[in-house]
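Enquirer: Heads up: the protein sequence lines correspond to chains A and B, in order.
Position in the first sequence counted from 1, then plus 6, gives you my numbering.
Position in the second sequence counted from 1, then plus 6, gives you my numbering.
I should point out that these hints are in silico values taken from the structure, not numbers from a laboratory.
Note that this is a predicted model, so its numbers are computed, not measured.
One thing to keep in mind: the hints can contain errors.
Identical copies carry no separate label here, and so any pair may be met within one copy or between two of them.
Below, a list of computed lysine-lysine pairs in the DSS-like style, where the Cα atoms sit at most 27 Å apart [stated by the list, open to error]:
id: 1; residue 1: K254; residue 2: K158
id: 2; residue 1: K158; residue 2: K179
id: 3; residue 1: K207; residue 2: K158
id: 4; residue 1: K95; residue 2: K207
id: 5; residue 1: K95; residue 2: K254
id: 6; residue 1: K210; residue 2: K158
id: 7; residue 1: K26; residue 2: K39
id: 8; residue 1: K257; residue 2: K158
id: 9; residue 1: K95; residue 2: K158
There are 2 protein chains.
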Amino acid sequence: MDELMSNPSKLFESKHFCSKYDIAKSSLSEDIKLINELLHDNGSGCIESIQGVGGGIRYIPGISRERIKELQNELMEALSDPSRMLGGKYLYTSDIMFDGHFASNMARFFTQKFSSLDADYVVTVETKGIPIAAQTAYMLGLPLVVIRREAKYSEGSTVSINYFSGTNERIQKMSIAKRAVAPGSKAIIIDDFMRGGGSLKGIKDILGEFDVETVGIGVALESRFPEKKKVSNYCSIIIIEEIDEENKIIKLSANNDL
Amino acid sequence: MDELMSNPSKLFESKHFCSKYDIAKSSLSEDIKLINELLHDNGSGCIESIQGVGGGIRYIPGISRERIKELQNELMEALSDPSRMLGGKYLYTSDIMFDGHFASNMARFFTQKFSSLDADYVVTVETKGIPIAAQTAYMLGLPLVVIRREAKYSEGSTVSINYFSGTNERIQKMSIAKRAVAPGSKAIIIDDFMRGGGSLKGIKDILGEFDVETVGIGVALESRFPEKKKVSNYCSIIIIEEIDEENKIIKLSANNDL
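For reference, chain A alone in the conformation it holds in the complex (with noise of 0.2 Å):
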């Protein structure tokens, strides 16, 4: 079952194990239940079984959820260090969203929240929310999409916009690549942080000008203030409640609507 597992979200002809295996369809499904059985103790995803026509078995990546809670403690924990203060509103991330046990466990929970979202691309802007969406889009099966801030000759003919980031507070240009996207497709966009969602709208925006729609967010931190957004319908893993450079507390709480 290496070949099922190496390759998520993959549709496979059950034919194809029972001829590589030389077994019958009925101990395939056995199979298939005992590794469930491990999968589910795990924690770690899931293997589904589409009937019918065009049917087959998928391996699906997944998170328990004392995992997830053991993710959110240990994100927490990290995050609350003060030498992360920036001064401003400003926190320093790059290490954990570039830390290779955090972004795939986020992705994990990523995907098991949008697999039944029929998605054809995962979409993120560069750059701290890369390993992330590429982790996703790996375990979804799915090609990653990468928004550059500037059109890039490399990307061949780009279409730009530009948006209102109330985190870096100016407008901010980004390009997507023509080739990238095909009208009439469904996108999940993954990134790193939001505060008032000015980028989330603005990669819906340009997904938007290729006829391309957003059917799911996951952000990894979510800002509590400012609480109105400009996208609604996202999900986060830890919001950052408030951050007090007086008495250099850093103050976060776990996303319990998962």
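Following the hints, position chain B against chain A.
Expert: Below, chain B without anything else, positioned relative to chain A:
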């Protein structure tokens, strides 16, 4: 052994597994021998046993020679599509660099290649190399450091250098967060593409400012020309021999000297 395999390159004391599964050290050795045979057959790495005080076992992801060949052939097939030609010396490669299957297999190769170098970080420069570098860092159990093109406020104090990029034929800038690296440490650089090596030399130089030694360089694609590169001791997977725009042919070769 799920715990061992899902924490690549992390050293576990043998007694951790002996007490977890309530088995003797000799039967653990037997189990490891069996798993190693399986890993060897799959060509997906090995379990390394380190004897003595501070020793233990760890899983190092890898890739067989056959699978490297397959990977190179798949990459060459994808890259040779003439619609990738953007004019000048440019090819569109973002979809390949952001593909989870390609990124994780290239990362397996770099992990196998560099695992004995005892590096402290994997370093890349934004943007296209990030997924491969992130996977390599995860497999090597090392932090990923991403050098930015522009100094960002959210990076805290940074050090910047200017360097000449032959690819873009202009002076470019790169910035690294001071807190991301410690003096006296060792780094492996992973990037998506090298033409003359100016960008890689820039990364080496900026790391040198922090007294960080570059012990290995891995790139996915290398351009045959210019033959004289600004860095030595690098390793590439695919070589772009020639982009013949008139006849719409992209000539590629596999690096056999891996």
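Enquirer: Decide, hint by hint, whether the structure agrees.
Expert: Verification of the supplied hints:
1. In this assembly of identical chains, the alpha carbons of K254 and K158 lie at most 27 Å apart only when taken from different copies (22 Å versus 41 Å within one copy).
2. With identical chains, the CA atoms of K158 and K179 are at most 27 Å apart both within one copy (13 Å) and between copies (15 Å).
3. Taking identical chains as interchangeable, the C-alpha atoms of K207 and K158 lie at most 27 Å apart whether they share a chain (22 Å) or sit on different chains (21 Å).
4. Taking CA atoms no more than 27 Å apart as the test, K95 paired with K207 passes inside one copy only; the shortest distance there is 21 Å, against 35 Å between copies.
5. Taking CA atoms no more than 27 Å apart as the test, K95 paired with K254 passes inside one copy only; the shortest distance there is 13 Å, against 52 Å between copies.
6. For the identical chains of this complex, K210 and K158 are neighbours both inside a copy (20 Å) and across copies (24 Å), given an alpha-carbon limit of 27 Å.
7. In this assembly of identical chains, the alpha carbons of K26 and K39 lie at most 27 Å apart whether taken from the same copy (19 Å) or from different copies (25 Å).
8. In the homo-oligomer, the alpha carbons of K257 and K158 lie at most 27 Å apart only across protomers (24 Å), although the nearest pairing inside one protomer, at 39 Å, exceeds that limit.
9. Taking the shortest Cα distances, K95 and K158 sit within 27 Å of each other only across copies (14 Å), while inside one copy they are farther apart (30 Å).
This entry satisfies every hint, going by the numbered hints stated previously.
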